[in-house]
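Each chain, written out:
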Amino acid sequence: MSTDGRPVLEVADLEVHYGLRRRRRRVLHGVSLSVSRGETVGVIGETGSGKSTFARAVLGLVRASGGRILIDGEDVSRYSSRQWRALRRRGVVQYVFQDPLRSLDPDLPVEESLIEPLLVQGVGRKEAIERGRGYLARVRLDSELFGRLPGELSGGQRQRVAVARALITEPALIILDEPVSALDSANRVGILEILKELRDAGVALIFISHDLGSVAGVADRVAVLYQGEFVEVGATHAVINTPQHPYARLLVGSAPTLRSAAASRAERDALRALLHA
Amino acid sequence: MTSARHLPSARRTRHGAVLGVLVALAALVLSACGSGSGAGTAAAGGGGGKSTTLKWASSFFPTHWDPVVGGSGAQFRILALPYAALTKTDAKGNAVPDLAESWSYNSAGDEVTFHLRPKLTFSDGTPVNAAAVKNAIDRAKSQKNSALFGDLTSIKSVSTAGDLDVVVHLTQVDHQIPLLLGERVLQIASPKAAADPAKLDQNPVGAGPFVVTQLIPGTKVVLKKNPNYWDAKNIHIDNVQLVSAPDKSTVVSGLQTGVYNFADLAPSQAKAAKAAGLDVFVQPGFNASNISLNINKAPFNNPKVVDAVRYATNSQEFVDKLTFGYGKPTNQPFPSGYVAYDPKSANLYPYDPAKAKQLLEQAGIKPGQIKLDLVIMADDPAAEIVQSQLAAVGITVTIKIDKTWATPFFAKDLTLSLYGTTGRDSAVQTLTAHFGPNGPLNLSSPYEPDGFEAAIAKVRQTPLDAPDYPQVLQAATRAGLQSKALVFTYSSPNLFAKNKSISALPANPAHIDWTGVTIGD
Amino acid sequence: MVRRVLALPTGRLAVGVLSVIALLAILGPTLAPHNPLGTSALTLTGPSWKHWLGTDYLGRDVFSRLLAGSRTSVLGSVEVALIALAVGVVPGILSVYLGRGFEWFTLRIADTLLALPFLIYAVAVTALLGNGIPQAMFTVGVLVSPLFYRVTRAATLAVARSQYVEAALISGASIGWIARRHVWGKVLPPVAVALAQTIGVGFVVVSSLSFLGIGVQPPAPTWGGLLASDLGYLSYQPWAPIVPALLIMATVWGSNLLADAIRDVSGEAGRALLNSRRARARRLNPAEPIPAGGAAR
Amino acid sequence: MTRTLPDGTVTAAVPAARPADPPALDPPAAQAAALAVRDVRIRDDVNDREIVHGVSFELRPGRAVGIVGESGSGKTLTCRAILGILPAHFAVSGGSIEIVGRDIAELTTPQWTDLRGSTISAVFQDPASYLNPSIKVGAQIAEVIGVKTGLRRRAARRRALELLTAVHLRDPELVYDQYTFELSGGMLQRILIATAIAADPQVLIADEATTALDVTVQAEILDLLADLRERRGLALVVVSHDLAVVAQVCDEVLVMREGEVVEHGSTADVLYHPRHEYTRLLIAEHEQYGLDRYLAGEQRKELDSVH
Amino acid sequence: MAVSTADHAVVADPGVALAAARARRGAGRVLVTLARSVAIFVPVFLVATFLTFALRSLSGLSPAHIQLGESATPDAVARIEHQWGLDRPFLAQYWTWFTNILHGQLGTSWTNGANIAELISNGLAVSLSVVVLALIIGVLFGFGLGTLAAVRRTTWIDRAITGFLTVFSVMPPFVVGIVLVTVFAVGLGWLPAAGYVPASVGTWPWFTHILLPALALSLDPMADVARQLRSGLIAAYQENYVTGAIVRGLSPRRIFLRHVLRNGVGPALSVLGWRFPTLIGGSVVTEWIFGLQGFGRFANDSAQAGDVPAVQGVLVVSIVLVVTFNLIVNIVLGRVTPASQRGV
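Chains as they are written, first to last, in this note's numbering: chain A, 1 to 277; chain B, 1 to 521; chain C, 1 to 297; chain D, 1 to 307; chain E, 1 to 344.
Read the hints as simulated data drawn from the structure, not as lab findings.
Ideal Cβ positions, reconstructed from N, Cα and C, are used throughout, including at glycine.
Careful: at least some of the hints might be erroneous.
What the hints assert, rightly or not - To give an idea of the interface, some chain D residues facing chain A are shown, with a C-beta separation under 8 Å as derived from the structure:
1) S71
2) F90
3) D214
4) V215
5) T216
6) Q218
7) D223
8) D242
9) A247
10) L271
11) L282
12) E285
13) H286
14) Q288
15) D292
As the list claims (entries may be wrong) - Coverage of chain B stretches by chain E, computed from C-beta distances (three or more under 8 Å per stretch; other residues unrestricted):
16) 53-65
17) 223-232
18) 238-245
Start from the sequences, fold in the hints, and give me the full structure.
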């Protein structure tokens, strides 16, 4: 809850390239973002905009070719893989994947996947299971699901397990990559509620999505990623109500809403023409 | 070298005989179908109705067609198709005229003159004359890869006397020369073609009954009748197609369905072939198989062990299990009944395992103490019989199959091996090959039994038609059989199957002579 | 896994057949009523009370030889499979982790081995390098190893790219941890399938080689060798090849069946299959036609 | 509100009363309906359970009906029943479906083949998988045209290119010769729509057709559907788990839950007067957690006052 | 109004250009497949020839043993080995051998000095006749049976076919060969039991002679193709694009022929690529039984005789054959199922 001023994550001028030599493509260009404790930042972008790459760079799964990444004040941009492993083992940063079925080993019972981060840390099995139960309760899952295989759970249950797994190391920052896209309404609401609680408990969240709508309810700030650059960063209400960049405007205008279309078809067409020009 | 053929070639013995099954089934069907060579066999490719074709599947397809190079094994029988020699043998094994009309020894017996038939030519048109014969003998003695020079040690030099007379000068008195210079050792190639031996090896040119028209190495050869052969009027076969035989099993079905009409046969297939309505016959020959011992190496440096092996060997078992009644037991390098076969030695070392054990005991050897490797070139049931017979007296034998068997064998490096000879027309040659100090088949070189050398010299000095020739020859055999290096086991048959339309072959021992043979419909 | 295989009727059948064969391999030599190498004067006889399957060309008891030969035969093809496994699996896993150079190199080797017509190569190698069952086994084993290489590689790749491995990685797990916890269990079933398959292949190849007279070590009996030699005496014992041929076929068939069964029950799909079988067992509606456009009534 | 209404009676209770609705169940009108679904029930033979417990609606040319529900609510099965492509062990166990007045229960396979494509067609989620990966996408459109309209190759090709243009694809000539794996999801969905409308059907079923797409692309596709409906008089069935998507395109909405239709009415009715708890949840999702929370505050107040 | 030809040309132009572009794209795809396959082929060929060549050194065989026989003294052996250049450094020998191969020269046989390339091409005519016919039979029947089994899956027809194929695929090839001879040649007398007649003598005799061996050889690929096709088709039928095609109103027949078959055929085709080496290998046994003087027989004879250059020649040729065949399969595969070529 307490925002002590020092950001959990600070990314400055991040550059990421894929491929070698002539096939080299720039995926992220000069991306900067900082996230403080208890803050939720939505990163919005379409397929191929670089949003997953952003997450992977922060997690050290992709090597940045420029810029700096500070986690909890520590500059990790030049970390060796050994250092990275040590950092990850502390569990400061966690990650939740979009597809909960694929992010849980289908052959291992839920409990095994859940407590894996603790086991990696060297926590005793018994204690790990005990703690695991607690976190399962925190995501409102019955601990009788413990022995089940992921294939035997519903999509919403699986995603809760994935969230619990991310929570189990008491991370300062959780990055969620499209955590609700694969879920239907009831589960979506359930997960979003849990995220809100987390935020209120002081965990910093980065919520990645292609859909502004799914982020709007929980994000304090929104960063719009378009073709590898943040074209608009700002408070959620500001971005939604007064988007500046044409892409941001299109994004807002395209989001399906219940009672009032944010933009008319004609407006959208105009924006598209503008973007493609 | 040469004279010996390693008996059962891998493919002949081992696999094979699937035929039988076929035959069993076929027997029924056949009775309904009549002769098998019906419908399916469009193969014949025969042109006019009258022309006759011999379709021969051979397990001994020659690897070399230069007679000087390819002298070994049973292949000379096939090379006799395109090549003729100075002499050939008749049904009794005597030398009779071939390219040479006649021959005469000088009074000392160390020089023999062959008188050639006039006006003969090789199939390339080169005349068959004294120079050509001299060329052939010289080549056999001197060509780098000659397989024959070991057989020609009695010949000092060759000269010509006129166009048609060849004078052979000998190093010793030797009345075996007319037998020696027959089809087995000296098939004569055109000197013109032989100028390039490598080429000759792929394109045989001789003065034999047939002319090669197509040759696919290792696979197939097509020949047609040679109208210029001296005895062409007695050759009634127009074409010959000789192919390398398939698996034993299919040989009989091939014969039965008319793909072939003549083939050599593994004894195990005889029953099937007969059931298929084929003519199955044994061509007389000099075949003899042996167990070769090296007395220069332990344990055979102990004469008692050698004797134990002799007593432990049961020839009859080889005959029963390997030849299906077509072979004969023999303890000599000849089948019984042959002129060189010594009846007095017939019971030299009778089968007596008890005695064998006793001998080993006397030598202070406990059962199982002797462990030997029996090295052979290809899988052979005979080895398994040897193994079990020796096991019965307490000698443990391990069979080792070695593709490069020939190298250690002829370098006399092996301790125990098997060999089988197809024999030679000249019995002396057979004897020296086995028992002589440098005989290629004597695994114990330079060992030689006492008195053997003298006995052989005496045979050479005895004219073939001398009345005491058999006794002298048998005495030499008897002397040779004292050798501790060889234990003879059995005589395997030259077994053939032919379509009934082919008339009987001349019973010339160890040869296949097509003179007078007809092929009907 | 074992329980799941046994849940399928084909799995039970395969395990049954293979157990009998394995039992033969273990006990066969001791069960033989006669000395398998003991010759007698009675050659090529038909079945009798004393010689259940008759005698062979040297008068040896065929039944005893079959029993005695079962161990060599079975061990032979198991050996082929194990060699292939040893040669294939490790590079298969490593190819995913050891970088592009190694990956390229091993892939090309695997391609090469695949391109070699293995019977010809086995004939060549065994004939040229000495005529022994070990040489034959080794050659065949190496030549079929690409199967293991590919299978392992594919499985490892799938795991390596999976999110749950990434999740473990993000938790700070080491490569060793991931291999033990995630990779192993995924790679095992396909390897088991390949192993079962290879045992079958090994049997056929080794018996083919025996038929060609390669790799035979007389007088030791093997099924392939017996079959090959029986084919030489068909006119005397036309029925003789049937028993070794059936044994070979049963073994190959059993292995293939087992391979299929393992494949069917492994992984997510396997669980689904078993569940649906259980479900279907409760209902009696048989064949499902392919929905090729008819109305669903 | 009418919270007390028992779930089962919802469908029966809906139609006639709603002013926006066409007079349903009225025989002459039914004939005009492009699609009429009456109390359709679907059962699973495996465990012998009824999965869909009675769905009814009617669709006139140029109208759009939306079906909303979570996964497993039976909305997709209903669509498949309409198309005659229920998975193996599912079967329609009650009710009737009429497509332009023909009861599908009486259709033979050739009649079905005839009807599909030219009268009723469909697009689905994951468009890449619904197109043959081994055939150029253009050829797949041309195939439908050739089979359904009998046009020759060149004419079919020309028509296919027109369709590609009609679904707003830039550079249709290039797209025509591409394979599925060379195209993005949005483009593929357009192409799937093009194949679906190639033979000028009267009814198009869009089953979660925009679910996996980026929001901006989703909007484009929804715009396209609206466009087709306006210009061609296409009757639409739009299936989605997202009420907002349905609301954007449809005149009439069915909300399904566990095989039951829990709410059926005109879009405005459902949005402004939700009766079932589940519907309210769907709306709350957007109001509390979605864009609606920030947008058009005034309008919202207005709505609230209506309540 | 009069439209000038020039106008037509102008109108036609874009179409022509497009057609050309399309052709280029098509050709480009084939080229890419080709290039990819060649990129695989070259290293495969290098490694395979190297392995092959190394055989001689490993085997310790030498022409001297074969040629000298009973007179193989160490001197004579050394002389012959020198004559064959076997005393040179290994890599130098390999290089000479390899360059010769590239020129199509496979050297001469140790046993009879004949040109190996010639010997092999003689045998190849026979073997390829048989193998190609076997492939045709295997593919035709495999497709037929596989399709039937897939379309009638889970019925007794499917079970019968599957069972039948299983029996085929577990039968050792020599048993198959001998049974065929027994039944068709000896029993029924329909076909010749053995031998080969070149097509130049007559197509019918040629065909009858290769039919039985081809049949014997075809069972394995037949079983494989059928099995793969069956599962390929069943899998393809479960694909969404089939649903898509149904919804578009295509007839079941059309769906099968144009959509399902095309995609279901992929695995069967690639299996065929895999199977080719086995087929060539299988010819060793088949030719031995059917008395065919083919490639496999030559391989076996040479190997048994220790004729190393001949064996090397055989291996090189079979590698080339296999690689070429796979190339063809890849190209066909690339055309039939372009998606499968992605990222190969």
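Which of the stated hints cannot be reconciled with the structure, identified by number in ascending sequence? Numbers 2 and 17 - these are the hints that the structure violates, sorted from lowest upward.
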